[in-house]
Amino acid sequence: MHYPIFNSIVNTVSTQLDKRGIKSQTFKTWEDNKINAIGLELLIELDKSSEFLKSLSINFDWDSFRETTVASKLEGMKGHPFLKIKKLFKTPVAPTIDIEISWLFDIERCQPEYPGKEGNYRIEQASLWMESISKQINELLKDQNIITRWHIEIEGDESGKYLSAINLISYFQYEFTSPKTVNDVNNIVSKKFQDLLLKASKVIHLCDEVLQESVAA
Numbered sequence: 001m002h003y004p005i006f007n008s009i010v011n012t013v014s015t016q017l018d019k020r021g022i023k024s025q026t027f028k029t030w031e032d033n034k035i036n037a038i039g040l041e042l043l044i045e046l047d048k049s050s051e052f053l054k055s056l057s058i059n060f061d062w063d064s065f066r067e068t069t070v071a072s073k074l075e076g077m078k079g080h081p082f083l084k085i086k087k088l089f090k091t092p093v094a095p096t097i098d099i100e101i102s103w104l105f106d107i108e109r110c111q112p113e114y115p116g117k118e119g120n121y122r123i124e125q126a127s128l129w130m131e132s133i134s135k136q137i138n139e140l141l142k143d144q145n146i147i148t149r150w151h152i153e154i155e156g157d158e159s160g161k162y163l164s165a166i167n168l169i170s171y172f173q174y175e176f177t178s179p180k181t182v183n184d185v186n187n188i189v190s191k192k193f194q195d196l197l198l199k200a201s202k203v204i205h206l207c208d209e210v211l212q213e214s215v216a217a
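Numbering (the numbering used here), first residue to last: 1 to 217.
Bear in mind the hints are in silico, worked out from the structure with no lab data behind them. All C-beta atoms in this analysis are idealised placements derived from N, C-alpha and C, irrespective of residue type, glycine included. Please note: incorrect hints may appear among the correct ones.
Claimed, not checked - Okay, derived cross-link-like pairs now, DSSO-like style, lysine-lysine, Cα gap no bigger than 30 Å in a straight line:
#1 K28 with K54
#2 K90 with K34
#3 K161 with K19
#4 K192 with K54
#5 K191 with K54
#6 K54 with K199
#7 K135 with K78
#8 K48 with K23
#9 K28 with K48
#10 K191 with K78
#11 K19 with K34
#12 K28 with K180
#13 K117 with K161
#14 K191 with K19
#15 K73 with K86
#16 K142 with K199
#17 K73 with K202
#18 K19 with K199
#19 K192 with K142
#20 K34 with K117
#21 K73 with K28
#22 K19 with K117
#23 K192 with K28
#24 K135 with K117
#25 K34 with K78
#26 K54 with K23
#27 K28 with K191
#28 K202 with K23
#29 K28 with K202
#30 K48 with K19
#31 K19 with K54
#32 K54 with K117
Claimed, not checked - Restraint ranges, calculated between C-beta atoms of paired labels, are given here:
#33 E124 with P4: 50 to 56 Å
#34 L83 with S49: 40 to 46 Å
#35 N120 with A37: 23 to 29 Å
#36 E209 with S178: 35 to 41 Å
#37 N7 with I146: 22 to 28 Å
#38 T15 with K161: 43 to 49 Å
#39 S14 with S164: 32 to 38 Å
#40 P92 with T26: 32 to 38 Å
Could you build all of it, start to finish, from the sequences and the hints given here?
Shown next as structure tokens:
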């Protein structure tokens with residue numbers, strides 16, 4: 001299927017990354033025609049900009065129903081192929097784009113082992129700094145309707161249990177209610193993406209601050 005509006009969004013994101021000199025290790029689109037969905041995945045390595053985080057992933061989710069809803073509101077889109085498909089045109093959906101941001105932590109740097117120490121001290125210490133990070137992020141994003149959660153996995157070794165995966169995930173949703181042209185859509189995406197990158201940077205900074213204090217304690 002052909003998604004000219006989403007393709008324009010992808011190009012805008014790519015341009016914004018280039019303007020800021022941000023290199024992404026992964027930048028790819030995916031499409032699943034079974035569920036009428038399409039998306040963009042990008043991964044940015046953080047090994048040179050963070051002591052405790054390995055990477056930042058940003059995923060954009062879109063579908064043919066949203067593409068159709070937005071196309072129906074834009075000038076110059078009468079020839080959009082989706083507007084000829086009754087199922088898509090007659091299924092009203094909110095003109096929104098969903099974005100998931102995930103910060104992947106370096107489990108070894110975040111959970112140092114101490115010779116002679118046994119038990120689940122690594123998990124216990126991690127729970128403290130994770131709680132501290134959660135409180136600060138809630139304060140940082142308090143004025144916005146954003147869902148943030150932790151994803152962790154637990155394993156064990158001869159020294160006790162530890163977290164084998166630590167991801168902090170935030171979910172954002174932006175609505176396209178006012179654009180009249182594709183350029184308007186691109187301008188909205190550009191501004192929102194700049195804001196997302198700023199928020200992501202602030203989260204990285206506060207995570208490093210909390211972990212520097214926690215690991216040094």
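**OP:** Quickly compare the C-alpha distance for K28 and K180 to 30 Å and report which way the hint goes.
**Re:** 28 Å, holds
**OP:** Would you mind confirming whether the straight-line C-alpha gap from K202 to K23 stays at or under 30 Å?
**Re:** Holds. K202 to K23 sits at ~19 Å (cutoff 30 Å).
Original post:
For the pair supplied as a hint, K54 and K199, is the alpha-carbon distance within the 30 Å limit?
Top reply: 17 Å, holds
Original post:
Is the Cα-Cα distance between K191 and K19 30 Å or less?
Top reply: At roughly 13 Å apart (the allowed maximum being 30 Å), K19 and K191 satisfy the hint.
**OP:** Sort out whether K202 lies within 30 Å of K73, counting only the CA atoms.
**Re:** Status violated; Cα separation ~35 Å.
**OP:** Measure nothing beyond the straight line between the CA atoms of K191 and K78; if it is 30 Å or shorter, mark the hint as holding.
**Re:** 26 Å, holds
Original post:
Holds or violated: are the alpha carbons of K19 and K117 at most 30 Å from each other?
Top reply: Answer violated: K19 to K117 is near 48 Å, above 30 Å.
Subject >> Proposed proximity, K54 with K19 (alpha carbon, max 30 Å) >> reply: Holds, at about 23 Å.
Original post:
Is 43 to 49 Å right for how far apart the beta carbons of T15 and K161 are?
Top reply: 45 Å, holds
Original post:
Does K191 lie within 30 Å of K28 when you go C-alpha to C-alpha?
Top reply: 21 Å, holds
Original post:
Going straight from one Cα to the other, do K48 and K23 come out at no more than 30 Å?
Top reply: At roughly 12 Å apart (the allowed maximum being 30 Å), K23 and K48 satisfy the hint.
**OP:** Measure nothing beyond the straight line between the CA atoms of K135 and K117; if it is 30 Å or shorter, mark the hint as holding.
**Re:** Holds, at roughly 29 Å.
Hints 3, 7, 11, 17, 20, 22 and 35 from the list above are not met by this structure, while the remaining hints are.
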